[in-house]
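A.B. asks: Sequence:
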Amino acid sequence: MATRYGFLSTYPPTLCGLATFTAALSGDLVIDGIDEARVVRSVETRLPRPGPEVVGELVAGDGQSIYHAAELLNDCDVAIVQHEYGVYGGVDGDEIVTLLDTLTVASIVVLHTVLSAPTDHQRAVLEQVVAQADAIVVMTSTAWDRLAIGYTVDMAKVTVIPHGAPPALASHAPTFRSKRPTILTWGLIGPGKGVEWAIEAMALLTGLNPAPRYVIAGQTHPKVLLREGEAYRTRLASRVRELGLAGSVTIDGRYRDGAALAELVAAADIVLLPYDSTDQVTSGVLIEAMAACKPVVATRFPHAVELLSDGAGLLVPQQDPAAIADALRTMLQDRKLTTGMAVAAGAAAPEVLWPAVAQRYRELAADLIRTRVPA
1 MATRYGFLST
11 YPPTLCGLAT
21 FTAALSGDLV
31 IDGIDEARVV
41 RSVETRLPRP
51 GPEVVGELVA
61 GDGQSIYHAA
71 ELLNDCDVAI
81 VQHEYGVYGG
91 VDGDEIVTLL
101 DTLTVASIVV
111 LHTVLSAPTD
121 HQRAVLEQVV
131 AQADAIVVMT
141 STAWDRLAIG
151 YTVDMAKVTV
161 IPHGAPPALA
171 SHAPTFRSKR
181 PTILTWGLIG
191 PGKGVEWAIE
201 AMALLTGLNP
211 APRYVIAGQT
221 HPKVLLREGE
231 AYRTRLASRV
241 RELGLAGSVT
251 IDGRYRDGAA
261 LAELVAAADI
271 VLLPYDSTDQ
281 VTSGVLIEAM
291 AACKPVVATR
301 FPHAVELLSD
311 GAGLLVPQQD
321 PAAIADALRT
331 MLQDRKLTTG
341 MAVAAGAAAP
351 EVLWPAVAQR
361 YRELAADLIR
371 TRVPA
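Heads up, the sequence shown is in this note's numbering, so the first residue is 1 and it goes up one at a time.
Since the hints were derived computationally from the structure, they do not count as laboratory data. The C-beta atom is built at its ideal place from N, Cα and C for all residues, glycine as well. Hints are not guaranteed to be accurate.
[What the hints assert, rightly or not] Simulated pairs of lysine to aspartate or glutamate, EDC-like, Cα-Cα distance not exceeding 16 Å: (1) LYS157 to GLU127; (2) LYS223 to GLU44; (3) LYS157 to GLU363; (4) LYS157 to ASP145; (5) LYS157 to ASP367; (6) LYS223 to GLU363.
[What the hints assert, rightly or not] Distance ranges between label pairs, derived from CB positions: (7) THR339 to THR278: 58 to 68 Å; (8) TYR67 to ASP310: 42 to 52 Å; (9) ASP101 to ALA156: 14 to 24 Å; (10) ASP310 to THR102: 37 to 47 Å; (11) GLU36 to ASP334: 44 to 54 Å.
Construct all of the structure, not just a fragment, from the sequences and the given hints.
C.D. replies: Structural data, given as structure tokens:
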């Protein structure tokens, strides 16, 4: 029996983590050609629809579109809603509460952020979201713990399903294949990604032979681009020149499709995630690095603390170039250590590839749909 999956989220060509997540999950849920994915795209203003799978839009601040979006989702068997405070209209995205209240089909809400110190209103919004959903998905044990400790919610609804990674990234190719080691950061670039601290760290990596190179790959985040243009990227480039690192640091703003990204990641020896956040419970890039069996240096954001505890990488404090440099130096000089990290990452990789993750959602959705069928 075919299943119609309704999705509410941002969606490509929008550049953001939720859009990428939804495109990947929906693609792997309907691979048999029998099931169907219908997307209601969350937008700030009405936009041309990019493909037939996008059946409508939820426009921030447009009350009428809330009810139209709910009608479209109610025509499916199950609604899978991505939740992030900044995605929907209203204060802290509270328009999503009205939409969820209007749904008559089974609903799964995926929480991409669970704040450890929310405002009273942010806590109230999330508690209402959980109350109205039939099932909640968080992507890490840290997010589950935060929800259980800091919010008044029914934890029986909550399931942990990891963020997915494209199978094309899965690789067991050895690191340090080329003469010059490559350190890689990728993803949407903007303040908060901590790239400036990584550049400062590169200036401290002296005396290594061969000297490593650092590649920063990714477009500027659309919201950053709208707010300040390319000012952040320009500041990074200026600092590279000031430190005399033009031959060691490359800032590459090209868009890469799945195959090109997989090639880029496969060629890297170490993945560096120097994020400023101490609150980030989910990182798709971290999952992708582990799927590619790459040793990771990451700041101590919650998802990294959770995933790297089994030996797949090294943790450093936020905004600390000296600590980043020390960790990179350790990895660059100890090939046995990095080989062990790649093995540790590889052990966890199969369960985070998108086909395995989609199967978990498929089973969860089937259970919810079954409970709504009259006996």
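A.B. asks: Now look at each hint and say whether the structure bears it out.
C.D. replies: Comparing the hints with the structure gives:
1. About 12 Å separates the Cα atoms of LYS157 and GLU127, which keeps this hinted pair within 16 Å; it holds.
2. For the suggested pair LYS223 and GLU44, the alpha carbons sit about 12 Å apart, so the restraint of at most 16 Å is met.
3. For the suggested pair LYS157 and GLU363, the alpha carbons sit about 14 Å apart, so the restraint of at most 16 Å is met.
4. Pair hint LYS157 plus ASP145 holds up; C-alpha atoms about 14 Å apart against a cutoff of 16 Å.
5. For the proposed pair LYS157 and ASP367, the alpha carbon gap of about 12 Å is at most 16 Å, so the pair holds.
6. Taken as a hint, the LYS223 and GLU363 pair is broken in the structure, with Cα atoms around 35 Å apart against an allowance of 16 Å.
7. Checked against the given bound of 58 to 68 Å, the beta carbons of THR339 and THR278, roughly 30 Å apart, lie outside it.
8. For TYR67 and ASP310, the hinted distance range of 42 to 52 Å is satisfied, since their beta carbons lie about 47 Å from each other.
9. The beta-carbon spacing between ASP101 and ALA156, approximately 20 Å, falls within the hinted interval of 14 to 24 Å.
10. Taken as a hint, the range 37 to 47 Å holds for the pair ASP310 and THR102, whose Cβ atoms sit roughly 43 Å apart.
11. Taking the beta carbon of each, GLU36 and ASP334 are about 50 Å apart, inside 44 to 54 Å as hinted.
Hints 6, 7, counting from the list given before, are not met by this structure.
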